[in-house]
Each structure stands twice: as structure tokens, then as C-alpha cells.
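Quick mapping for you: the protein sequence lines, in order, are chains Z and C.
Note that our numbering has the first sequence beginning at 1, numbered continuously upward.
Note that our numbering has the second sequence beginning at 1, numbered continuously upward.
Keep in mind that the hints are not guaranteed to be accurate.
Note that the list lumps identical chains together, so a pair holds whenever it fits in one copy or between two copies.
Stated by the list, open to error - For lysine to any residue, the following SDA-like pairs were computed, each having C-alpha atoms within a straight-line distance of at most 20 Å:
no., residue 1, residue 2
1, K46, F200
2, K154, E180
3, K65, L6
4, K136, D61
5, K22, K46
6, K46, D102
7, K22, G49
8, K167, G60
9, K33, K154
10, K22, P189
11, K136, V152
12, K65, G198
13, K33, D140
14, K33, E160
15, K46, A28
16, K65, E192
17, K22, F84
18, K65, D132
19, K46, R122
20, K65, G199
21, K22, V152
22, K154, V76
23, K154, V137
24, K65, G179
25, K65, E180
26, K29, A119
27, K22, R193
Note that these hints are calculated values from the structure, not bench results.
Number of protein chains: 2
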Amino acid sequence: MGEPILFYFDFTSPYSYLASEKIDALAAKFDRKVQWRPVLLGAIFKALGTVSLVRQLSMGDYSLKDFARSARFHGVPYRHPESFPVSSVAPSRAYYWLHGQDCALARSFAHEVFRAYFANGRDIADTAIVLDLATKVGADETALAAGMSDLVIKNRLREETDAAIAKGVFGAPWIIVDGEAFWGTDRLPQIERWLETGGF
Amino acid sequence: MGEPILFYFDFTSPYSYLASEKIDALAAKFDRKVQWRPVLLGAIFKALGTVSLVRQLSMGDYSLKDFARSARFHGVPYRHPESFPVSSVAPSRAYYWLHGQDCALARSFAHEVFRAYFANGRDIADTAIVLDLATKVGADETALAAGMSDLVIKNRLREETDAAIAKGVFGAPWIIVDGEAFWGTDRLPQIERWLETGGF
């Protein structure tokens, strides 16, 4: 089995959501695992002095249309959230705490969060909702609630975001295969070719 | 035969070049023609107050890598120009003048310009080189040289750029199929699905 694929994402990034529905199956075709790493895209933009596509006035309408159309193209349910974007701090902290307990549980939780926000209209910035989603996939609500406010977990999220910036990440999803970086769900075909051929 | 596909591009846009190598064959599969429309991306960015991806410091290195990798992915020869970007005014004006004389000739010229800049290291901002490329595909050099400084042609390029902005174009390539807008070479698979299904 080759090196794991690194998957940086933000829970409130629509294209990250689309990639999250595809990346594990794609990796599995080539006998690869994927390491999921939520980061705070807002903090990345702030550090780099850049602006998200959707916040650029001229791009807003197109982006909203493209989110939904790309979701249909990939066969992924999508309903643009009423409140968008929202803070992804709570689900990201929850993810890292759960990941310390049980990697598979953290993965199920991540899917649950993405789908709750992008298909089912739930406010994933709300800690109560995050706890509810985690409980649904089998987490211990009380332990998780305590874990989310643990300093180690808070630091972990900040450190992962800083590490992403240090690796050159400026958007999401950001996928690294054997040191080669790919930005965006629309690079999945290139990632597939890369895995198939070992680089092109 | 359905409505023609509208293909907005800038001669100095790498992804426009990649799309230029694919769009006609894709359209032909669905018995469609393509209307090629060079515009000045710099003027569009200026009008909208946006910045090209490659000029955003954090995105520069990735973009350069992605241009070349995407070209390899699509099987298109690519050598990043030493001087990049350059003005695309001269080849764009030449295109519109040629288009008034002979559409097929204008198309051959457009391919010649893209390949000269992105594969063969020629400076397409230079009028002498533009005339040389046009002559190579069969244009009358003297008539073209006069046509390029004709006020009607100068206005035409400005009007096409303004029309693009009015249609919401904020990047290139920008491809419109039956009123549906697609931004970027990476949307070619969606365009293909759209043509196949009549919308999804």
C-alpha cells in the first residue's frame, strides 16, 4: 500500500463536501488510505490576505450556481445552506477529539457534518447540533463536549491549519498525493490519473 | 443543429489555450458550432476590481505547476512563456479583422497564436510576430496590418470585452451553452454532460 493521501478540507466549503463524497472510494481503487484533516479556511484566507471566491461580488452568483450544478454532476445531494458560510470551529474541534478516540468514528462524523450542512439544512456552527450529529454516529456526548473545550484540541485545530498554510494550502479541498498538491474537486480526474500512473 | 456555443477567451490565458485545443471537437460530437470571442481579461479584472489567480502571491507557484500539469493531463504541448502574461491586444484585434474576412482563417490564426505563445516561446504581444503568424495561415499581411489599426476593429475588441462583462464573465475560458455559463477548462466534462442531456 502506498503513502496515505492527505485531504485538507473545511466543513463549510461546498467543493470540500463534494470531494468528501468521492475521495475514499477513489483512493481505495488504488489501495490507498486517506487522512482527513479539517482546517479553518477563513484563518488561511486571513493569513494569506486572500478572499474566498464567493465573497468576490462578481463571482458570487456564478459560484452558487456552480456549487449546485457540480453536486448534480457528481450525483451528490445538495441544498445550499441558508446561512453560508458559517464557522466550522465546533465540528472541526469535535473531529479532532473523536479522531483521537476512534479514526473510523471521526470519519463517519465528518460525513454526517457535511451532509447535515449541505443537504439537510442544519447549522453546523452550533455546538448542540454538532453534539447531536456525533451522538448519531455513536460518540459519547458528554465526553465529546468536554473534549471540544480541551486546550489540546483547540491547539490541534490551530496547528493543523498552520501546518496546511506551511504546505502551501490556499483553498479547499486541497489533496496531496505523494507530495503532489491538487486544489479543487475538479482535479479528481487528475488525481486518478496520478494514482494510476505514478505521476504524469 | 443547436445554437452555437460561445467561447470567450484571452490569448494569454493558459486555461483558455487548453480549452481552445478541445472545444471544437467536443462541440462537433453534438453537432454544434463554436463562436470564438477573444476578450481582454486584464480589462475585465480592472472593471470588476478582481485579481488574476496567478498574481495572488500564494497561488502563483501552484498555478504555474497546474498549468503545465493540466496541459500534460489533456495531452497538449505546453512550455510556460518566459514573459507572462503579455498584452493580448494585437492578436485579438488581428483575430476580429480576420474574422470579418474569413471565419475559418480566423480560427486557424487563433490556434496559431495560442500555440506560438504557449508551446513555441513567441511573443504574441509583438505586432510583427502576429503578422507573421497570420501570414503563415494564409492572411494578407498588408491588409491585416492596416485592418488592425482600423477604428472599427479597435472598437470591436472593446465592445466584445464589454459584452462579456455584461454577460457576467469574470474569468477565462468562459463557455456558454444554451445560456448556461461554465468557467474553466475543468468544466469541459460538465459541458459534455450538458450537451449530451440538454441540461442536468
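We went through each hint and held it up to the structure:
1. In this assembly of identical chains, K46 and F200 lie within 20 Å of each other by CA distance neither inside one copy nor across copies; the values are 33 Å within and 36 Å between.
2. In this assembly of identical chains, K154 and E180 lie within 20 Å of each other by CA distance neither inside one copy nor across copies; the values are 29 Å within and 44 Å between.
3. Taking CA atoms no more than 20 Å apart as the test, K65 paired with L6 passes between copies only; the shortest distance there is 19 Å, against 28 Å inside one copy.
4. Taking identical chains as interchangeable, the C-alpha atoms of K136 and D61 are never at most 20 Å apart, the minima being 35 Å within one chain and 42 Å between chains.
5. Neither within a single protomer nor between protomers do K22 and K46 lie at most 20 Å apart by alpha-carbon distance, with minima of 28 Å and 37 Å respectively.
6. Proximity of K46 to D102 under the C-alpha cut-off of 20 Å is found in neither arrangement, the shortest distances being 32 Å within a copy and 50 Å between copies.
7. Proximity of K22 and G49 under a CA criterion of 20 Å is satisfied in neither setting, with 30 Å inside one chain copy and 35 Å between copies.
8. When the C-alpha separation of K167 and G60 is checked against a cutoff of 20 Å, the pair qualifies only between copies, where the shortest distance is 14 Å, while the shortest distance within a copy is 28 Å.
9. For a Cα distance limit of 20 Å, the shortest separation of K33 from K154 qualifies neither inside one copy, at 26 Å, nor across copies, at 56 Å.
10. Taking identical chains as interchangeable, the C-alpha atoms of K22 and P189 lie at most 20 Å apart whether they share a chain (11 Å) or sit on different chains (16 Å).
11. Taking the shortest Cα distances, K136 and V152 never come within 20 Å of each other, neither inside one copy (25 Å) nor across copies (67 Å).
12. Taking CA atoms no more than 20 Å apart as the test, K65 paired with G198 passes between copies only; the shortest distance there is 17 Å, against 34 Å inside one copy.
13. In this assembly of identical chains, the alpha carbons of K33 and D140 never lie at most 20 Å apart, being 26 Å within a copy and 60 Å across copies at closest.
14. Taking identical chains as interchangeable, the C-alpha atoms of K33 and E160 lie at most 20 Å apart only when both belong to the same chain, with a minimum of 19 Å there against 49 Å between chains.
15. Taking CA atoms no more than 20 Å apart as the test, K46 paired with A28 passes in neither setting, with 35 Å inside one copy and 45 Å between copies.
16. With identical chains, the CA atoms of K65 and E192 are at most 20 Å apart between copies only, with a shortest distance of 17 Å across copies and 26 Å within one.
17. Neither within a single protomer nor between protomers do K22 and F84 lie at most 20 Å apart by alpha-carbon distance, with minima of 23 Å and 35 Å respectively.
18. In the homo-oligomer, the alpha carbons of K65 and D132 never lie at most 20 Å apart, since the shortest distance is 30 Å inside one protomer and 42 Å across protomers.
19. Taking the closest pair of Cα atoms, K46 and R122 never come within 20 Å of each other, the shortest separation being 26 Å inside a single copy and 38 Å across copies.
20. When the C-alpha separation of K65 and G199 is checked against a cutoff of 20 Å, the pair qualifies only between copies, where the shortest distance is 13 Å, while the shortest distance within a copy is 33 Å.
21. Proximity of K22 to V152 under the C-alpha cut-off of 20 Å is found in neither arrangement, the shortest distances being 31 Å within a copy and 51 Å between copies.
22. Taking the shortest alpha-carbon separations for K154 and V76, neither the intra-copy value of 31 Å nor the inter-copy value of 46 Å comes in at or below 20 Å.
23. Taking CA atoms no more than 20 Å apart as the test, K154 paired with V137 passes in neither setting, with 22 Å inside one copy and 63 Å between copies.
24. Taking the shortest alpha-carbon separations for K65 and G179, only the inter-copy value of 13 Å comes in at or below 20 Å, while the best intra-copy value is 32 Å.
25. When the C-alpha separation of K65 and E180 is checked against a cutoff of 20 Å, the pair qualifies only between copies, where the shortest distance is 10 Å, while the shortest distance within a copy is 29 Å.
26. Taking the shortest Cα distances, K29 and A119 never come within 20 Å of each other, neither inside one copy (26 Å) nor across copies (35 Å).
27. In the homo-oligomer, the alpha carbons of K22 and R193 lie at most 20 Å apart both inside one protomer (15 Å) and across protomers (19 Å), since each shortest distance falls under that limit.
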